[in-house]
Amino acid sequence: MKEVISTTAAPAAIGPYSQAIKCGNMLFCSGQIPVNPATGEIPEGIKAQTAQSLANVKALLAAAGTSIDNVVKTTVFLADMSLFGEMNAVYAETFSEPFPARSAVAVRELPKQVLVEIEVIAAL
Numbered sequence: 031m032k033e034v035i036s037t038t039a040a041p042a043a044i045g046p047y048s049q050a051i052k053c054g055n056m057l058f059c060s061g062q063i064p065v066n067p068a069t070g071e072i073p074e075g076i077k078a079q080t081a082q083s084l085a086n087v088k089a090l091l092a093a094a095g096t097s098i099d100n101v102v103k104t105t106v107f108l109a110d111m112s113l114f115g116e117m118n119a120v121y122a123e124t125f126s127e128p129f130p131a132r133s134a135v136a137v138r139e140l141p142k143q144v145l146v147e148i149e150v151i152a153a154l
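With positions in the sequence shown counted from 1, the corresponding number in this note's numbering is that position plus 30.
Careful: at least some of the hints might be erroneous.
[Claimed, not checked] Mimicking SDA-like on lysine to any residue, the simulated pairs with C-alpha atoms at most 20 Å apart in a straight line are:
| id | residue 1 | residue 2 |
| --- | --- | --- |
| 1 | Lys88 | Met56 |
| 2 | Lys88 | Phe58 |
| 3 | Lys52 | Val102 |
| 4 | Lys88 | Ala131 |
| 5 | Lys88 | Thr124 |
| 6 | Lys77 | Thr37 |
| 7 | Lys88 | Met111 |
| 8 | Lys88 | Val34 |
| 9 | Lys88 | Met31 |
| 10 | Lys88 | Thr37 |
| 11 | Lys77 | Met111 |
| 12 | Lys32 | Pro46 |
| 13 | Lys88 | Glu71 |
| 14 | Lys88 | Ile98 |
| 15 | Lys103 | Gly45 |
| 16 | Lys142 | Met111 |
| 17 | Lys77 | Ala93 |
| 18 | Lys103 | Ala131 |
| 19 | Lys32 | Met56 |
| 20 | Lys77 | Phe58 |
| 21 | Lys77 | Ser48 |
| 22 | Lys142 | Tyr47 |
| 23 | Lys103 | Asn118 |
| 24 | Lys52 | Asn100 |
| 25 | Lys52 | Glu71 |
| 26 | Lys88 | Pro67 |
| 27 | Lys142 | Ser48 |
| 28 | Lys103 | Met56 |
[As the list claims (entries may be wrong)] Pair by pair, the computed Cβ-Cβ distance ranges are:
| id | residue 1 | residue 2 | range |
| --- | --- | --- | --- |
| 29 | Ser48 | Pro128 | 24 to 32 Å |
| 30 | Gln143 | Ala43 | 33 to 41 Å |
| 31 | Glu74 | Met31 | 39 to 47 Å |
| 32 | Gly70 | Pro46 | 16 to 24 Å |
Think of the hints as simulated: they come from the structure by calculation, not from any bench. C-beta: ideal position from N, C-alpha, C; glycine also.
Take the sequences, apply the hints, and build the full model.
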């Protein structure tokens, strides 16, 4: 059985999807873009955008009763692969060993013209 997880501490869904879905002992979080949920603002630069996206991920994890330490898989979408190094530096400050499995890909465009979007799967 699946259960919707939502929180006002992360940006609301901007389409027909859920912020996160709990299924059994797993949590599937939709991609988080760097929108500050309190102000609606998007920070400048890849480092600040990565930090905000990860803050939004952490808010969803907390709403489900788990934390960044239980993330098993991440997918990072970048507006340009040249941003990888700076994104990776912020990412490395957030996760600790054993690091989750990860995919990182460059895409043509992201919602609201942001530079990064991050989705995660976590154990509960």
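Earlier hints that do not hold, by number: 6, 7, 9, 15, 17, 20, 21, 25, 30
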